[in-house]
Amino acid sequence: MFEFDFTLRNVMLGAALLGVSSGVLGSFALLRQQSLLGDALAHAALPGVCLGFLLTGSREPLPIFVGALLSGALAAGFTMLLTSRSRLKTDAALGASLSIFFAFGLVLLTFIQSRSGSGQAGLEAFLFGQAAAIVPSDVRLMAVVAVAALLTVALLWKEFKLLTFDPQFAASLGFPRLPLELLLTSILAFAIVIGLQLVGVVLMAAIIIAPAAAARQWSDSLGQMVGLAALFGALAGVSGALLSASGRGLATGPLIIIAASLIALASLLFAPERGLIASAYRARGARRELEQQRVLLDMYGLAQQHSDPSYPSESGMLRALYGGSPEAQLRRLEAAGLAEHTTHVPGEGTHYRLTEAGWARAEAALNSLGHHA
Amino acid sequence: MLEALLTNPSVVVPLVGALVGVASSLVGTFLVLRGSSLLADAISHSVLLGIVLVYLVTGDQYSPFFIAGAAAVGLLTVFLTELLTRSGRVKADAAIGLVYPFLFAIAVVLINVFARNVHIDTDAVLLGEIGFSWLDTVSVGGVEVPNALMTLGAVTLLNALFVGLFYKELKLATFDPGLAAALGFSPVLLYYLLLGLTSVTAVTAFDAVGAVLLVAFIIVPPSAAYLLTDTLWKTLALGVGIAVASSLLGYLAAIWLNVSIGGTMAVCTGVFLVAAFLFGPRYGLVAQRAQRRRQQGENAARTLVVHLYNHESKEEAGRENSVSALRQHLRWDDAKVSQVTAVGREQGLITLGPKRERLFLTDAGRRLAREVWEPWRRE
Amino acid sequence: MPQPTPRHEPNLALHIEDLTVAYNDKPVLWDIDINVPPGVLAAIIGPNGAGKSTLIKAVLGLLKPSAGHIYLHGEPYAKQRRRVGYVPQRSSVDWDFPTTALDVVTMGLYGQLGWLRRPGRAARTKALSALEQVGMADYAERQISQLSGGQQQRVFLARALVQDAQVYFMDEPMAGVDATTERVIIGLLKKLREQGKTVIVVHHDLQTVATYFDFLLLLNVRLIAQGKTSEVYTAENLRAAYGGQIALLQTAQIPQTPPTVAETV
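Protein chains in written order, with my numbering: chain S, 180 to 552; chain U, 1449 to 1827; chain A, 115 to 379.
By construction, these hints were calculated from the structure, which means they are not laboratory data. The beta carbon of each residue, even a glycine, is placed where N, CA and C say it ideally should be. Wrong hints could be hidden among the right ones.
[As the list claims (entries may be wrong)] Among chain U residues calculated to face chain A with C-beta under 8 Å, some are:
{"#": "1", "residue": "Tyr1640"}
{"#": "2", "residue": "Val1692"}
{"#": "3", "residue": "Leu1778"}
{"#": "4", "residue": "Arg1779"}
[What the hints assert, rightly or not] Quick list of in silico lysine-lysine cross-link-like pairs, DSSO-like style, CA-CA up to 30 Å:
{"#": "5", "chain 1": "A", "residue 1": "Lys240", "chain 2": "A", "residue 2": "Lys193"}
{"#": "6", "chain 1": "A", "residue 1": "Lys193", "chain 2": "U", "residue 2": "Lys1784"}
{"#": "7", "chain 1": "S", "residue 1": "Lys337", "chain 2": "A", "residue 2": "Lys140"}
{"#": "8", "chain 1": "U", "residue 1": "Lys1619", "chain 2": "S", "residue 2": "Lys268"}
{"#": "9", "chain 1": "U", "residue 1": "Lys1784", "chain 2": "A", "residue 2": "Lys240"}
Could you put the whole structure together from the sequences, leaning on the hints where they help?
Next comes the structure, spelled out in C-alpha cells:
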C-alpha cells in the first residue's frame, strides 16, 4: 500500500514523539483546567515562526523553534495580563490573544511571500502541518525536546502533582507556586512548538487535549493516566502518519487529530468505569433496583397492615400504590425468589405475596433507609 | 456611478471588512459578556464542515443551503460541547478543544479527498480572500453588485434586527439568566438563536476572512469596547465602531505594506484592544495604576490612623503610637514611615509629639479611623 | 529597615502584630493584633467577608500583608513550615483529580521530603495510620471523587495529621459535613490539644463554638475580641462582630446580657 521509506520513518518517529510529549503535558494542562492554553500557544506561535524565518532567511528548525516559543510566551503573558489586570474573562482574553497573534503571523507570512516571490518559504506548512517537509534534523530536535520534557516531569513528578491538585497547599509547604507553574507551561509550549510542523497551529489544541481526556476515562491514577495519554498520543500520531502516507495526498495534521479524537470518543463511550455507556447501564440497573424495591416495600406495607407476612396483595392495589404498571417489577421479584403469585379469588387480578426472602429483603431495605435518614 | 463604486476594490474591500466586523461584533458582544467567547472560536472553525458537506451534496458553490448547513453544524458544535460538559467527564474548556478540532479536521480531510482544487482550498479556509471579494458579482436591477456585499449586508441587517428586537431579553439573559427564565423568557432559546446567528455570520464571512481571523472580528472589538464602557448599548456601539475603523485602517495599511488584508484588519482590532487595555478611561492600565497609587497612599494613611486609634486609649499607647513602632510592628521601612507620616500630617489626620517620636490622632484622624473600624456604624 | 528580631514572643503559638492585609488594594484586615497561647483549641469566628480565611492565608504566607508581622512559636512562618499543618477549604480543589485518598494524605509529607525525593514505604505507613485516625482506613485506595463530602474533609484532615505539626490551621473543616464526620473531627482536634498542639480553626457555627473551643478570635475586618471562650463569648462581643447580622442568631444560648433588640443596619 505504501512504501516504508525514509521520509515516512521520520514522520512516524516525529509523530510518535509529539504524541508522547503532548499526551504527558496535556494531562497536566487538562487537570489544571488550562486545556485551551495549548490552542492559544499554538496559534500564537505563527508570528514567531515567521520572524524566525525572516531573521535568518532559512527554514532551519532552531531559529523557528525559538521564535515560536518566544511569541507563544508573549501571547500567554498577554492573556494572563488581560485576565488579571482587566475586566475581561479568561475566555475572551484567550480568544483575543489567540486570534490577534495569529492574524499578525498571517500578515508576516504574506509579507515574506511578497518579498520572496511565491510561497517558497514553505511556511504555509505550519497552518495544517506538512509531514513531508520533516527532515532528520527536525526529528532530532523533537527527540531532544521530548526527552527533556519527560525528564522534567519525571523528576518533578511529586511537585507537579501537588501543584495541579492543590496549589495552595503546595505553596503552604514552601514549594514556589509561580515558578513551578511557569515551568510546566513552558514545557507545554516546547511540546506544542515541536509539533507545529506536523499538526499545524490550527489543530494543535486537540493533540494536547484528546489523548489526556481519553486517558482520564480509563484510570483514576495520575501515573496511569499520564502513561496512557502518552500511549494514546503516540498511537494517534503514528496512525495519522501512516494514513497520510497511504497515498491520496491527505494532510497529516488533520488525520492525527481525527485519530486522537476517535480515541477520545471511544474512551468517553466505552471506558469501563467512567464510560458513558457503562454508567448509563449502571444507572439503568440502579433505577430498576429502586423500582423493584418500591414494589417490594408496597407489598411489605400491605402485609404489615394486615398483620400477615404472606398477605396476598392484589395487583390492582399494587398498581395504585406504585402509580404505574408494576408487572415487570413483580416478574423480576418473582424471578429473584422474593415474591410469588397466588390465585386468590376468581374474578380479581393476580395476587402476589412476599416469600420469606422477600420479607427479609424488605426489612433490610427499611433498616438501611432508616440508618441513612 | 454606483456600478463604478461597486466594482472598485478600494471601496468594496474595506466595505466588506466593515460589514464582517459589524455583523460579528453585534453577536460577539453577547458572547463575550456571557463568557462564551471560545464558542465563537469553535463555531467559526466547525462551520467549514457544514460548507464542505453542503458542497459535496449539492455540488454547487453558491447555494442557500450553505447557510442552513453551517447553522446546523454550528449548533451541533455547541450541542456536542454542552453534552460533553454536562456528562461531567471533561470540563467545559476541554470539551470545546475536543469538539471543534475534530469537526474541522474532518472538513479538511473531506476537502483533501473530494474537493481538491475547487473553490475551497485549505489556505483560503484559514485566511479568506477578502482581496478578491469584489470579483464575484450578481446583477441586481441591472447593477452589478459584489456577492459578498449582498450576503454580508443581509446578515448584518439580520443581526442588527435580532439585537434590536430582543435587546431587553438579551440583556436580561446575559446578565441574569435565572431571572430571565423566571420571567418567562427562554434564555436557552435566545442563546441558541444567538449561536445560530453566529454560525450564519461565520459562513457568510468565511470567504472573506476565513476561520481564525473571524474569531478576532467576533471577540476583539466587543472586548475592547467592554474595557471602555459599562453600558450595554455603548458596548455594542463602540464594538461596531472599532470593527469599522479596524477594517478601514487595516485595508489602508495592508495595501501600503502589500500584506494580507484580512490579517491586517484583525491586527488592527488588536491594536484597539491594546489601546483600550492601556488607556481606557476607567479600566485602562494607566488609569488603574493611578487609582492604585491613590488607593495605596490612602490605605497607608488609613492603616496608620487605625493603628493609632486601636492603641491610643490603652496602656501600651506610649510604645505603640510612636514612629519606631511603625518600623518594628508594621514592618515599614524608613522611607515609607516618613512618607506616610508626612501624608498623615498634611491631611490633618495626625500630629507629631515634641520629640518627633510620639504620634497623636487629630479629631479628623479619629473620625476616619472609626469609619474604617466600624463600617457598619456608617449611615 | 526592619530590625532582625530573633525569637520574638517564643512563648506564643501565634503572635500577630498590627497586621493589615489588602486584596487588590482593598484592605480586608485592619491592624490585627493576635496572641494565641500554645495548647489551645481556638476558633476564628465572624461574619462572611470578615477576613477569616484571609487571616489564615496571611499567616501561611499565601498572601503578602501590607503591614505588620506574624510569628509562630517565636519565628516567622518561613522558618516554621515543618511545624505548621494546614487544612484548606474543601471546595478549593477539584475532587475529580485522578488519585486515591491514601495518595492525598501522602501529599502532607511532601514538604518534609523536600525536592525530588519520592514518598516511600515509611510515608505510606504514616499516611495509612493517619487515615485510620480519621476512621477512613477502609477507603485508602478509594478514588477521591467517590468519597462523600465528609469523607473528603476527613482525608484533608488526615493529610494535615501526617504533617505532624505543632500548630494547625484549618479553614472551615466542619462546613457542610455529616454528623459522623463532625464528631470525628472534633474528637481529633481535642486529641491534638491533649498532645499539647495548638489548633486554630475557622468556624461558622455559633451554636457549637462554645462547646468545641476553649479560645476564640472574633473577627470582623478588625479584631473584635480574643481570649478564653468563657471570657470572650459574650453577647456584646458577638454583636460587635456580627453587627446587624446578630438578628439571625439564636441568642438564647449566649451568656451574659443577651441583646435586647437586634440592631438592624
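Comparing the hints with the structure gives:
For the restraint placing U/Tyr1640 at the interface with chain A, the shortest Cβ-Cβ distance is roughly 28 Å, beyond the 8 Å limit, so the hint is violated. The criterion of a C-beta within 8 Å of any C-beta in chain A is not met by U/Val1692, whose closest approach is roughly 35 Å, and the hint is violated. Nearest Cβ of chain A to the Cβ of U/Leu1778: about 4 Å, under the 8 Å cut. The hint holds. Interface hint status for U/Arg1779: upheld, as the beta-carbon distance to the closest one in chain A is roughly 5 Å, under 8 Å.
A C-alpha spacing of about 24 Å is found between A/Lys240 and A/Lys193, which places the hinted pair at or below 30 Å, so the restraint holds. Annotation: proposed proximity of A/Lys193 to U/Lys1784 holds, straight-line Cα distance about 26 Å (limit 30 Å). A threshold of 30 Å between alpha carbons decides the hint, and for S/Lys337 with A/Lys140 the separation of about 36 Å lies outside it, so the pair is violated. Proximity of U/Lys1619 to S/Lys268 is assessed by CA-CA distance (about 18 Å); at most 30 Å being required, the pair is judged to hold.
At roughly 48 Å between alpha-carbon atoms, U/Lys1784 and A/Lys240 are farther apart than 30 Å, so this suggested pair is violated.
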